[in-house]
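> Sequence:
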Amino acid sequence: MMLVIRFLRIGRKNQPSYKIVVTDKRKPPRGGRFVEILGFYNPITKKKDIKKERVQYWLGKGAKPSDSVHNLLVEGKVVEGKKINVSKNKKSKEEDKTTQIPQAAPEPPKEAVKPEPPKEAVKEAISKEEPKPETKTTLETQKPASQEPQKDPEPIKPPTPPTNPTPPSNP
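Each residue of the sequence shown is one higher than the one before, counting from 72 in the numbering used here.
Just so you know, not all the hints are guaranteed correct.
With a straight-line Cα cutoff of 27 angstroms, these simulated DSS-like cross-link-like pairs (lysine-lysine) come out [what the hints assert, rightly or not]: (1) Lys153 x Lys117; (2) Lys159 x Lys132; (3) Lys123 x Lys135.
Calculated directly from the structure, the hints in this document are not laboratory data.
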C-alpha cells in the first residue's frame, strides 16, 4: 500500500482549511477514510499545527508527502530540503517542455555520392535491350461479364436539423 501525506480540505466556501492526513495514494482524500491525522493548516490565518513526531514516523515507514505538504513541512522545519515549485504557471510548464526535448542524434556520415554515368551510355544501353512482346494470360483475356465499371457512390448528405412547427412565443 503506497501511503501519502496530503491535505484534506475542510471548511466552508471561500474559507478553506485543511487537515494533514496519511492516506492511500490510490484513493482520493475523503473525510473519514484516512489512516491518521497529522495536523491542520489554515491558509487564511496562516495557523498550522503539525505533529512532528508522527510525521517523522510515517516518513520512516515510506509515506511520501505531496508537494504542498512538503513545502509546509520544510517551512515548519520538520524535514530538511528545498521547497518545490507548485504554482500552476503556464510559462514554467512550457519551459519544462523545451528542456525535456531530447537532442537530435548526430547525423550519420554522408555516403560518397556516385557520379552518374554519361547520358549517352544510358541511351545506348536502353536501345540495346530488345522489347519483349507482351503476352496476355488466359485469365486477363477472359473477363467475366459481371465486372462493369464501378460508379462513384453518391455523396452523403448531412442530416437536416429538425424543424419546430410552433413558433416561439414572445412574452
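> When the hints from earlier in the document are held up against this structure, which numbers fail?
2
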